[in-house]
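Listed in order, the protein sequences are those of chains A and B. Be aware that the first sequence starts at 1, since it is given in my numbering, and climbs by one per residue. Be aware that the second sequence starts at 1, since it is given in my numbering, and climbs by one per residue.
In case anyone wonders, no lab produced these hints; they're calculated from the structure. Be a bit skeptical, because a hint or two may be false.
Which copy? The list can't say, so a pair holds if one copy fits it or any two copies do.
[What the hints assert, rightly or not] Using 25 Å as the maximum straight-line C-alpha spacing, the simulated PhoX-like pairs for lysine-lysine come out as follows: (1) K22 to K336; (2) K10 to K193; (3) K193 to K137; (4) K299 to K10; (5) K86 to K127; (6) K22 to K299; (7) K10 to K180.
There are 2 protein chains.
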Amino acid sequence: MPELRFDPLKKTWVIISTERAKRPHDFSLISEEKKEEGECPFCPGNEDKTPPEIFAIREEGSKPNEPGWSIRVIPNKYPALKLEGKIEREGIGLYDRMSGVGAHEVIIESPEHGKSLADLPLEQIVKVLTVYKLRLKSLRADERFRYVLIFRNYRSIAGASLSHPHSQIIATPVTPKVLKEELSIAREHFSRKERCIFCDILRDEMRFGDRIVKIHKNYVLFTPFASCFPFECRLYPLRHSYDFAEIPDEELPELALALKDMLLRIKLALNDPPYNFVIHTAPSLHPRPGKPDYWGTIKEDFHWHIELVPRLTIMAGFEWGTGFYINPTPPEEAAKYLREVDNAVEGMLR
Amino acid sequence: MPELRFDPLKKTWVIISTERAKRPHDFSLISEEKKEEGECPFCPGNEDKTPPEIFAIREEGSKPNEPGWSIRVIPNKYPALKLEGKIEREGIGLYDRMSGVGAHEVIIESPEHGKSLADLPLEQIVKVLTVYKLRLKSLRADERFRYVLIFRNYRSIAGASLSHPHSQIIATPVTPKVLKEELSIAREHFSRKERCIFCDILRDEMRFGDRIVKIHKNYVLFTPFASCFPFECRLYPLRHSYDFAEIPDEELPELALALKDMLLRIKLALNDPPYNFVIHTAPSLHPRPGKPDYWGTIKEDFHWHIELVPRLTIMAGFEWGTGFYINPTPPEEAAKYLREVDNAVEGMLR
Numbered sequence: 001m002p003e004l005r006f007d008p009l010k011k012t013w014v015i016i017s018t019e020r021a022k023r024p025h026d027f028s029l030i031s032e033e034k035k036e037e038g039e040c041p042f043c044p045g046n047e048d049k050t051p052p053e054i055f056a057i058r059e060e061g062s063k064p065n066e067p068g069w070s071i072r073v074i075p076n077k078y079p080a081l082k083l084e085g086k087i088e089r090e091g092i093g094l095y096d097r098m099s100g101v102g103a104h105e106v107i108i109e110s111p112e113h114g115k116s117l118a119d120l121p122l123e124q125i126v127k128v129l130t131v132y133k134l135r136l137k138s139l140r141a142d143e144r145f146r147y148v149l150i151f152r153n154y155r156s157i158a159g160a161s162l163s164h165p166h167s168q169i170i171a172t173p174v175t176p177k178v179l180k181e182e183l184s185i186a187r188e189h190f191s192r193k194e195r196c197i198f199c200d201i202l203r204d205e206m207r208f209g210d211r212i213v214k215i216h217k218n219y220v221l222f223t224p225f226a227s228c229f230p231f232e233c234r235l236y237p238l239r240h241s242y243d244f245a246e247i248p249d250e251e252l253p254e255l256a257l258a259l260k261d262m263l264l265r266i267k268l269a270l271n272d273p274p275y276n277f278v279i280h281t282a283p284s285l286h287p288r289p290g291k292p293d294y295w296g297t298i299k300e301d302f303h304w305h306i307e308l309v310p311r312l313t314i315m316a317g318f319e320w321g322t323g324f325y326i327n328p329t330p331p332e333e334a335a336k337y338l339r340e341v342d343n344a345v346e347g348m349l350r
Numbered sequence: 001m002p003e004l005r006f007d008p009l010k011k012t013w014v015i016i017s018t019e020r021a022k023r024p025h026d027f028s029l030i031s032e033e034k035k036e037e038g039e040c041p042f043c044p045g046n047e048d049k050t051p052p053e054i055f056a057i058r059e060e061g062s063k064p065n066e067p068g069w070s071i072r073v074i075p076n077k078y079p080a081l082k083l084e085g086k087i088e089r090e091g092i093g094l095y096d097r098m099s100g101v102g103a104h105e106v107i108i109e110s111p112e113h114g115k116s117l118a119d120l121p122l123e124q125i126v127k128v129l130t131v132y133k134l135r136l137k138s139l140r141a142d143e144r145f146r147y148v149l150i151f152r153n154y155r156s157i158a159g160a161s162l163s164h165p166h167s168q169i170i171a172t173p174v175t176p177k178v179l180k181e182e183l184s185i186a187r188e189h190f191s192r193k194e195r196c197i198f199c200d201i202l203r204d205e206m207r208f209g210d211r212i213v214k215i216h217k218n219y220v221l222f223t224p225f226a227s228c229f230p231f232e233c234r235l236y237p238l239r240h241s242y243d244f245a246e247i248p249d250e251e252l253p254e255l256a257l258a259l260k261d262m263l264l265r266i267k268l269a270l271n272d273p274p275y276n277f278v279i280h281t282a283p284s285l286h287p288r289p290g291k292p293d294y295w296g297t298i299k300e301d302f303h304w305h306i307e308l309v310p311r312l313t314i315m316a317g318f319e320w321g322t323g324f325y326i327n328p329t330p331p332e333e334a335a336k337y338l339r340e341v342d343n344a345v346e347g348m349l350r
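Could you put together the complete structure from these sequences and hints?
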């Protein structure tokens, strides 16, 4: 059983894999692109090489775990957390630990091996977003989970172990630190001003304009004022909305367009770099023991959004040790380069 | 002039380089090891290829910026922060920024190009530590700086742009987030218990024993309970001490030994991996405007130490977006492997 451990000095929970621990010689030097060996387990026809599917969008008449799917959701073969079990909490001296209960799923975004999410037709991206919503709702129904993370690693340097297009979902029994901080900052801002801090940021960004990359009907793409990394992007819904799972289905085509637009800009302006994106959305709103009003104003104070970081620079040793980032590209410059590919992107979105 | 910007959602300061901004084609794919071109500017005889030295330990009779040195401190040729200038603070809408005033120095640890810090003789490591102390004290005398960071990136995947052995120092006009949090957690613990949290952790670790790698006379090497990364290490002084700059000179040989021991263990157990280490020590204790008792109990509540992270896994996109770490090697296992090289390390320390 994996274990969650709490660092009393950093106030972070860490997942420690206790089974199948990696030994010194299991680590290979981090290299530019890993070579894949053998057949791709995510390709149609190889359904038996993955754990049985949890969900799929399939052609009528096709059978589970056989070809005929256009999107397929499977448990991660090497999950960071285990689905079965009760959550046990324990203190050991100064430390805290709990059982590593959670879910770790893979969303195979297309049957086509060679495509990236940026290349998929809009209808297919709508399907991906529909599945994000469905899995988010389904995993949240499990009262053991406090947060459901949807994220995407593109290319091996960004952590993707297989190149076949896929996203991942991890449901955790604790709220990850960055989200916890963001939730509390949003609440604090709202309690003082009765305004959403994200809506305030959007208003500021729209007024300044120099970090805006693209304004869609209901979405805005911009580079944040204090970007930690070059060409970091944020995609915010313009209309206040605390939860990704609450997006009406009829709005998904516009989000698919905004997402594809962002990914194409990154691809064209930066020569198809590795990247990570994460959806920041509301946590599971189950009641907390002894805290009847725990969720307070969350529906008013939080605003879901997507954060994307292209992996252009070495990161995280020094930065991790200090929390200090040095960004060699001002976000205003980054926005300019991402706007310059307007025409090319326009052509590819039609 | 570089700029410091504050992210209201992440509560982090970021350094934004405004001169010589990196454009899209300035980024090359992150690769295993960069090739170095031309002569090494850190080698003896090439002193004119670096900015003039700030300090050096040299043979009697040798002249500044000429060969004859055993340690040389120079300004970073491409500094993240600028030494000249006043600190100007400004608010823009929701955001804050200040001028990027600070220092960025390089400590060339040896005239020998091909050596790593782990390979240097103990006397040479003592010199390196002596220079750390001197530069820490000297930079702290500048009232504009709030924190002085000493760190080391080893190999290009860990962020070293040159292979000649060197460490870096950055002095910043703000306290980096991780340190700020650590300082405040230490203060909170002390205010409740009148005990240093680091001393408490050491006591727990000594009692449990399974994460202890090596106990020296006054230093302890261990792998932290909630390690974010495989084979992460901590080197703590056993005797409570809040400040690296306060180590008596006569204790430096023992610290040199403990540091070399740690680096050799990492090198031997993990096949000479890239790594980063950072010294966490007290901030500059200049008075803060309007806060006469700002530093409170810092001499009792804080405990300097070294944090080391070998770069064995891909990090920081997903982790950065969420603050959630998945560590495939339990620290108890890591400690075991780092203890297994005891004999080999012993032989190399003589």
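Within a copy, between copies, both or neither: where do K22 and K299 come within 25 Å Cα-Cα? The answer is neither: 42 Å in one copy and 39 Å across copies each exceed 25 Å.
Regarding K193 and K137, is the shortest C-alpha distance of 25 Å or less found within a copy, between copies, in both, or in neither? neither (31 Å within a copy, 43 Å between copies)
If the cut is 25 Å between Cα atoms, do K10 and K193 qualify within a copy, between copies, both or neither? between (30 Å within a copy, 19 Å between copies)
State whether the alpha carbon distance between K299 and K10 is at most 25 Å within one copy, between copies, both, or neither. between (28 Å within a copy, 20 Å between copies)
25 Å Cα cut-off: does K86 pair with K127 within a copy, between copies, both or neither? So K86 and K127 fail the 25 Å test inside a copy (33 Å) and across (54 Å) alike.
I want to check one pair: K22 and K336. Are their C-alpha atoms no more than 25 Å apart within a copy, between two copies, both, or neither? between (43 Å within a copy, 13 Å between copies)
Cα distance capped at 25 Å. Does K10 pair with K180 within a copy, between copies, both, or neither? Intra 13 Å, inter 10 Å, cutoff 25 Å: intra and inter.
The earlier numbered hints that this structure contradicts are 3, 5 and 6.
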